[in-house]
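Put chain B on the given structure of chain A with help from the hints.
There are 2 protein chains.
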Amino acid sequence: MSHLHNDIFLRALLRQPTERTPIWIMRQAGRYLPEYNQTRARAGDFLSLCKSPDLATEVTMQPLARFPLDAAILFSDILTIPDAMGLGLHFVAGEGPKFERPLREEWEIRDLQAPDPASSLSYVTDAVRQIRHALDGSVPLIGFSGSPFTLACYMIEGQGGTDFALTKKMLYQRPDLLHHILTVNARAVTDYLNAQTEAGAQAVMIFDTWGGALSHTAYHDFSLAYMQQVVRGLVREREGRRIPVVLFTKGGGLWLESMAATGCDALGLDWTCDLGSARRRVGDQVALQGNLDPAVMLTDPATIETEVSRTLASFGHGHGHVFNLGHGITPQATPENVAALVEAVHRLSPAWHAD
Amino acid sequence: MSHLHNDIFLRALLRQPTERTPIWIMRQAGRYLPEYNQTRARAGDFLSLCKSPDLATEVTMQPLARFPLDAAILFSDILTIPDAMGLGLHFVAGEGPKFERPLREEWEIRDLQAPDPASSLSYVTDAVRQIRHALDGSVPLIGFSGSPFTLACYMIEGQGGTDFALTKKMLYQRPDLLHHILTVNARAVTDYLNAQTEAGAQAVMIFDTWGGALSHTAYHDFSLAYMQQVVRGLVREREGRRIPVVLFTKGGGLWLESMAATGCDALGLDWTCDLGSARRRVGDQVALQGNLDPAVMLTDPATIETEVSRTLASFGHGHGHVFNLGHGITPQATPENVAALVEAVHRLSPAWHAD
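Protein chains in written order, with my numbering: chain A, 1 to 355; chain B, 1 to 355.
The following block holds chain A by itself, in its conformation from the complex:
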């Protein structure tokens, strides 16, 4: 078993006792950091930054140099898989990710293949290895992927959006085609995450950014069922240590019980959920990760401390909570506020872990 100086993140995900609540921040290597913006400018564009293991390592390490965070997360994008499938990922300034060749024809869907991570995604596993080396056992490294359904949305729409008209038309009119895409995606996500843990990722998180746009029934059939396939296919132990799996469906607060029943170790919660109610609903099945409103990071240290205190109290006494925001940190947040957040969690959380 490789040595880890700080493993409280992994222990909290497995609901083991910890002396305080661990914290990391979704999108912690991001545009709120001046040094990130400098590296990104040097890379030229976002995709070049993702595809260079050197630069991905550099930006992954940046927030850890500033703040005593309890985990690192691989710097990458959720759309690497459809890019490796040949859909032509590119980023348009101010408009977010787009695909040059979205899935429009039935034959394109039938031809879809799960990419071999060892070839077309080796830049990701190279980055994982290089980050593990740079971390040198300080904190664990989180690997991640988009969920099969979230990837399918981008692959069908060709871009992000709010209504997912094409995806939903397919879901209601040609569910066979969507199930085919999702079967391929579930295989691809499983292989991709296993390749990340083989290369050194010590926990994995599945981001289901768009599952919350589905109806109750459609969520279970088209998003959760395929995340469950992924969870079942993951290698759960490496280097003599359990590899925790975190599922996060943004807007999925109504479905926590079914998410917990997939066999994952933890659920990511957005800020609309009450941590205490969520804990009562999922019982001892899973740990919980979250869920401060990212808008709190636009305020000031005193307000942040109040809201950290409220969040810790809503989870209550005991173990199994990983502090995080309820969604990614926004570019308008300041490093000073992030420092205040991390400090407040370190200072206020031990009281909730005392016997």
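A hint or two may mislead.
Treat identical chains as interchangeable: a pair holds within one or across any two.
EDC-like, lysine to aspartate or glutamate: derived pairs with alpha carbons at most 16 Å apart [as the list claims (entries may be wrong)]: (1) K169 <-> E305; (2) K250 <-> D163; (3) K169 <-> D300; (4) K51 <-> D77.
The set of hints was computed from the structure by calculation and includes no laboratory data. Since this is a predicted model, take the numbers as computed values, not measurements.
Leaving out everything else, chain B in the frame of chain A:
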């Protein structure tokens, strides 16, 4: 008591027995109808359409001429109140509503006054009277307003959006200011809805479009508390008949129990909620309205019938369900599909109401 040829909508909202499930459609007078687009073009712009009682009556009646719907809804906009407060509502093509003078300074907030509906909003009550006359007792007329919090979002941001950074900064840093705005808005919404029912609206609905963007705690303190104030201040009987009140928080599925406890008669549900689970959670307290995914309206009559059948089954046997979409119908829907929807609800729902 004024005569109503078809009162099953009102009876369903009060959980009284009906022979079938009533149906109306959020935004039923909208851009999916060619005749609506013609009237709107004649009006020049959206706001002129809202402010002309003649034209508002014309478009309110259009969907009823095509489809056997069980209710009419006043054609208006949720932002008439802040417009009457002097914030300068205008519509920018392709960008949605904007305010010329959003609330930026503390003195502007302190100066805010609830408008007297009898003066600055008389175009709305005139439209209500004219629509009632045009309906001639065929089906009931629904009045509506935005929720105090949803209005505040627009008043503070100056426009719609997805992150509500300014509103949330105020919520976390200057809750006193936001509470002041919401107190004024709650007074304004109460007066406005009472003026609508005095003029002839036979049910009212409060649209909390943005409450779902709040954290659990913030939703209760800043959105629901003020909707409750409104519910308590409403005149609940006119013309010898109970006036049902429907609350709809988009994305509010986690909070149905607290919404039902406000004293409203019914909850609007978006499509992420399961009607059966919602019914078990709220018991006999309230009726439920909803909740077909609006994306289903982009498909075809056979698919629509399947999904109508699924929706009716998810509510199950018995009374207290008003069929609707889970959000407004989109311009991409077709009148043919709406006809199929209404026909399917009429044909399939009686079986769920049989003894």
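Is it within, between, both, or neither for K169 and D300, if the alpha carbons may be no more than 16 Å apart?
-> between (44 Å within a copy, 10 Å between copies)
Indicate which option fits the pair K169, E305 if close means a Cα-Cα distance not exceeding 16 Å: within, between, both or neither.
-> Answer is between: at 15 Å across copies they meet the 16 Å cutoff, but 45 Å inside does not.
Status of D77 relative to K51 across identical chains (alpha carbons, at most 16 Å) = within (10 Å within a copy, 48 Å between copies)
Up to 16 Å CA-CA - D163 versus K250, copy category | both (15 Å within a copy, 14 Å between copies)
When held up to the earlier numbered hints, the structure conflicts with none and fits them all.
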